[in-house]
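Q: Residues per chain are reported as follows:
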Amino acid sequence: MREQISRENEARIAGMTPEEIEDERKQILERFGAGIGSLLEKAKRNRMKRASETAYSGRSGAASPLPPRLDEEATRAALQNLQEVPISPEEPKFERARSPAPPALSRPDTRPSSRADRRLRFADLDPKDVYVYESHPPSPRKAVLALPPPSKDDQDVVSLGTFRGRMASSPVAIVEPTSQDDQQIEVSGGDSAGDNTASQPQGTADKEDYALKDQEPEEGTPEYIRRRYFPAVPANDPNLAWMSTSTEPSEGPASTDLRFDLHGKPIPPSLSAKLPTSLGLHHHAEGSHAGYTLDDIFLLSRSTVPAQRTIMMGVLSGLTQLLSKMKKGEYVPHLEELKGKEEETRKRIVAAGVEALNERGSVGLRAVELVWQCVVGWDEDLIGLGLEGIWLESANGLIRSLSLEFILPSISTMFNQNRDAYPHESLVQLLEIVQRLALENVANAEKIVGEDKLLSGIVQYFLLEPHSRGPEESRSPEPEAISLLISLAQASRSIAEALARSFVDDILRFITILPESSSFPPPVATVLLARSLKFYTVLGSYGLSTSVASTAMEHIARLNHYACSSSASTELSLAWMQLAQVWIACAIDPHATTPPHAITWSRVLAWEWHTEWLALLDRTGGTSQSERELWGCVWGALASWLEGCKVNAVRGGEKERENLLRVAKKSFEQNGPASSVVSAVLDSLMSDLGNSQSLSRSQLKGMAANADTIRNVIRLWLAFLPPHLEGPPEAPPFELPFDRLSALAANLLSHSIWNIPQAPRVEIYPPGYRYFPVYIQHFAALLAVYLSLSRRLPAVTKELWLAQACSLILRLTPGNEEAVLEIFNEVLRVLPTLGPNINPQSASILGPFIQDAVLSRTKEEEEEGGGDEEEESEIKVAKPRTKLTPLVPTPTSIASATTAVLISPFAGVKFQRQFSGLPLHPDWMLNAMNHLLHSGDSVVFKHLPKEWDASEVDVTRTSFTFALYSRNILHRFKLGRYAVSRDEAILSCMKVFMLEHGLVKDSVTSNDEVFRDKTVETLMEALLEPYRARSAPSGESSDGEEWALEKEAGRFLPTGTPFYQFYTDFVGLYDAISFSHPLFALLLLPPLSMHYAIDYRKLFWCEYPQILRTISIYPNQVLSNNLREYLYPVEKDPQVIGSLLSGIVKRGAKEFLWWVAIHHVAANIWQDLRDGSLDGSFNEERGVKLLQAVVDQGDNETVVGIVRYWQDRGGDEARVSPTCFDAAQDVLKRRKEWIEQSVGKGYAARLAGLLPAN
Amino acid sequence: MNAPPRYELFVLEDGEKPVEVMEDTKIPNAATIKIVKQDHTLGNMLRAQLLATPHVLFAGYKVPHPLHPYFQIKIQTDGTITPQDALEQAASKLIGTISDLEAKFRREFTFKGNETDGTGAADDPYGTGTAWSGTRDYMDF
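From first to last, the protein sequence lines stand for chains A and B.
Per this note's numbering, the first sequence runs over residues 1 to 1254.
Per this note's numbering, the second sequence runs over residues 1 to 141.
Calculated directly from the structure, the hints in this document are not laboratory data.
In this text the structure is predicted, and so the values were computed from the model without any measurement.
By construction, the Cβ of each residue, glycine as well, lies at the ideal position given by its N, Cα and C atoms.
Hints may be right or wrong, so weigh each one.
Stated by the list, open to error - Over 10 Å on every C-beta distance to chain B, these chain A residues come out as not near it, computed from the model:
hint, residue
1, A552
2, F906
3, I1094
Said to hold, decoys possible - 30 Å max Cα-Cα, derived DSSO-like pairs, lysine-lysine:
hint, chain 1, residue 1, chain 2, residue 2
4, A, K274, A, K325
5, A, K1098, B, K62
6, B, K93, A, K1146
7, A, K1098, A, K1146
8, A, K883, A, K910
9, B, K93, A, K1014
10, A, K1150, B, K26
11, A, K274, A, K339
12, B, K26, A, K1014
Said to hold, decoys possible - With beta-carbon atoms standing in for the labels, derived distance ranges:
hint, chain 1, residue 1, chain 2, residue 2, range
13, A, S935, B, F109, 32 to 38 Å
14, A, S935, B, L101, 19 to 25 Å
15, B, A91, A, P1054, 39 to 45 Å
16, A, P1252, B, S99, 53 to 59 Å
17, B, K93, A, Q1225, 46 to 52 Å
Looking at chain A on its own, in the form it has when it is part of the complex (with noise of 0.2 Å):
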């Protein structure tokens, strides 16, 4: 442009005359004054100078130290002769905020103070005349430029690779190299370029020493000082030694450990020894390698000096990068020593990280941002998954590591005091922060909302400044600050409590601006618009600020107005959607809310929402994903409408159905619209349900949305049918695929899904899934609703209907207590009418037991309590129990719910149970036992309503015939693995032995001992019928699971109870009181399996011999799958085997006692019995004894069992008596061989008549 100018002008003053110049000039003079002749003279000059320079600038840049004033020739030839010489590279410009003050700045000291009426004067000096002199190589006596270039032969030169690019201040990335022979160091993006000398500390610079060293030593080595200086003082002084450069070339440590560079990322081994130390590397204490080990970076990372602190910041964000691909299962090179490590090291970087977060500069900005690479950055796929509403405490817990008592007021600090201190960027960084610590757990989100300010600071900066400044501000308002205060209003209802007293109507201007009169840009204002609904639906659910509803009551006419335009996106009509769906559900009962009667019937009768929801409906297609979401959306609005018609409308909403259905009905019809979306919905949820195995996590969410929608349908379905009708309608309100819902779920019911939050580490699984429940509990919740559809289908019949209730309550998650015990309830309405032994009166006795499966009372003493030592753990317990929101809201759970997160995965098996009763266990009838067992001090027994009036023998009673009865028809209709299991049929039946009695009432017969009652023992035997050894077909299935009944056990009894405690006083109670009951002693057997540790057996065995001859079972009574379970491994413990020797010698064991007690015996007399690799190494001193033993005292039978003993190790079956004692004659004669040999000629002789003849 100027040169343009410059150019017209001077083709001007060439077609001028000299007058004409002369008479401008003038003009100019008059102008300016007498002064704008110099002026302009300096100035031309300035841009000669500057053209000039941009004219080779390109290609040498500030690199080269040229004197000032060079000939333009000159320097072009002296870079040509250069050209090949590495450049020796600049020491990277760090900041250097606290270091000394430069030299310039001391100058006037050195000024005479004489001269004192010198004017200060400036040089013209513009950035370019300012030469940077590229730092020095490790000696200042090397001159780097005066070397020629190597040679193109020479082996030992290693290239940093050519220089190119500016000389930037950014520290050097190493890029490794790509074989070990190939020396080639390559030097990207950096500034740097170095040459062999520099490069090879040691090496050529050493020859070089070696070389001159009978002559003229070189300047500046401490030999030169010396014989200069010193001439006295004697050479190779020892205590001057480490002044001299180390010889050996890697004398410092072998170097395994890791080094790092600047950008955090490791150096090889084979690269840290040779890299120059010009890059930047070698600033630590310890050896000549390049880099920085872990232990040097933490060191350097509390430095006093802020620019070695920033650099150390941003090192280990770069390794935590590093480390957080590692663990993601991405290949890292060099970095294998921390692999397993991640977590730790994680845990040591952030706490450097938070040590600095309160510094001031750059140090702090770096510090910010390491704490987010490590909090938020490591992981950051969860935070999604958290904001659906799930904690993200995890068992190794870095969060919990943090203090947040520091944290969170210096982030508090930072958004109020010294918010101008901190780039945008960092605010954010610091804002995400908040965000992740908000998702962990409970008591991070009340310690962030109780820090003062810090939610205020926040919502001020992201929301209310950018809005009231409007759209001239450059940044509009974050609606990730909204999504903060969504997901701490999500955590507790006290909480949320607190932010609707705060924040309510702060949020509320993001409502009554619609996207379309907004200033700021229609994306940004959707988002925030539809983030502000969520919050108000969160809030909603728990019944809190309803009353924005007819406060802002135009706005929202407005909002619904524009929602349901097609101009609106669908994400904004969802989410207003579902606000208005939780505010209608809050309508219904109006006492539900807080306060009540905040939002009331007869305004949302008179809003008249659902006409334009159904205008809506006419307008959206059904082809894509979110118009269907859509779909189920307004259903679902629609169905809550239905549903308060239902309770608060005249004559049970009669009116509103009719005309709602009116249309319904059309578009329900063959190919309308509804039915279209239905079934292309039932469609992808079936198809993504087949292809199970490697579900990702948005297609999880995709389901779970098709999940909802077809739940919304149903519930629509359901909320047509009249109120106060039982069984099925007379005709469907509207058509629904009703056999393909079956199918569907049927379906769900068998699905892996529910394996996920229960599943090991499986690669099948994308990372996260352990927090898949989150999705899942939407499937629950259709399930729940299918439950309630399939009652009203005439084609399904009461069993069948029991079948699928019984078997799909399995599959509830926590959130569905309501819709459980509803289930229940209509369980026992349906069972007495199916005829087993119930009446109604008797079933309900269940019901206080069944409801504390679901929803378990605090124990009141224990908050009450107020012991000084048990104080802590008793308040643990006595914490209010949470109860989830459910899905769809209902007016009781809005008046009650108090959270909406789904408990961490992670969370111990007692918080758990403390956070919800459900899943439910598929023993879940039976958990009256459990009450019986603890009668004294169980919580349901002090509540029990006045009209319940039962015996324990009533309870067991109802208990057992229901379970019976549900497992039968489960079996009925092939759904028998959803029944009651063999380990906790045999628990329950061992809970009915344990009702110990004759402790308060003075009665000690049997007579009114449970078990003795005819019924309880008939359904005893009855439960554990199939079990039996014979029953069960053999080889089926090796059930197997080792511990199986310690596992159950755990769960009824209290902790640190184990299942031995339990086996011991059930043992005990049989030696006592038992009278040789049967099935008492059957239950007696399953823990001697050879699966169960040897305590067990040795309690049993060894401690209560005097019961063996009580118990008389056979074989195929036991039960067990397969009865190899109690031969093998073989029985080892020498205690163990000589109660089972007196316990055959003596004849006290019996049947299935005695032929287990021959086995192991005989197994450890007989090798051929044995696997040395399964059963351990044979003890031959042991079997002769045995043997003798026997032979000695034991009786005919005895001999010969154990003579004639056979099993087959190898087989699958076990041989039992008879057949077991026909051991074929070739092994006998090895037997016979072994006696004869170990034992005993005169053993052999008394044993002839068993044994082969020879």
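Based on the hints, put chain B in the right spot on chain A.
A: For chain B alone, kept in the frame of chain A given last:
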């Protein structure tokens, strides 16, 4: 503080019967016998003795509560004798065994005493051999 008096553990209250037999109505030849003011010492011995009796099918005892000084013993026989008879037999056998044991013990102890008296006096480092007679007096008592 509020511990029950010790004597309650072994002194019968007024009108209290030491043994109470409850026939079992549901199980043949079975009875539950409550024995008051006794504890595991007797209960365990009786149970062991009963188990050694050939006609007894089942014998078990329990002390329902450690602070209540009684135990219940449950006996079932094969029908040739009643549970009461079995218990009586067991008790008399037990008395026999114990008196036998006592007699043996006494005899051995007398031998021991004679040996001590005869040879041990000189060995006694304190020369207070007469003190042992006091002990023997106690045993005699």
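Q: Hint by hint, note whether the structure agrees.
A: Here's how the hints hold up against the structure:
1. A552: holds, 68 Å
2. F906: At about 43 Å from chain B, A/F906 clears the 10 Å cut-off, so the statement holds.
3. I1094: holds, 25 Å
4. A/K274 / A/K325: holds, 28 Å
5. A/K1098 / B/K62: holds, 21 Å
6. B/K93 / A/K1146: holds, 22 Å
7. A/K1098 / A/K1146: With a Cα-Cα distance of about 18 Å, the restraint between A/K1098 and A/K1146 holds, given a limit of 30 Å.
8. A/K883 / A/K910: holds, 16 Å
9. B/K93 / A/K1014: violated, 37 Å
10. A/K1150 / B/K26: holds, 25 Å
11. A/K274 / A/K339: holds, 26 Å
12. B/K26 / A/K1014: holds, 10 Å
13. A/S935 / B/F109: 32 to 38 Å: Because 53 Å falls outside the window, the suggested range is violated.
14. A/S935 / B/L101: 19 to 25 Å: Given a distance of about 45 Å, which is not inside 19 to 25 Å, the answer is violated.
15. B/A91 / A/P1054: 39 to 45 Å: holds, 41 Å
16. A/P1252 / B/S99: 53 to 59 Å: Cβ of A/P1252 to Cβ of B/S99: about 55 Å, so the range 53 to 59 Å holds.
17. B/K93 / A/Q1225: 46 to 52 Å: The hinted range 46 to 52 Å holds for B/K93 and A/Q1225, with Cβ atoms some 50 Å apart.
In this structure, the hints that do not hold are numbers 9, 13, 14, in rising order.
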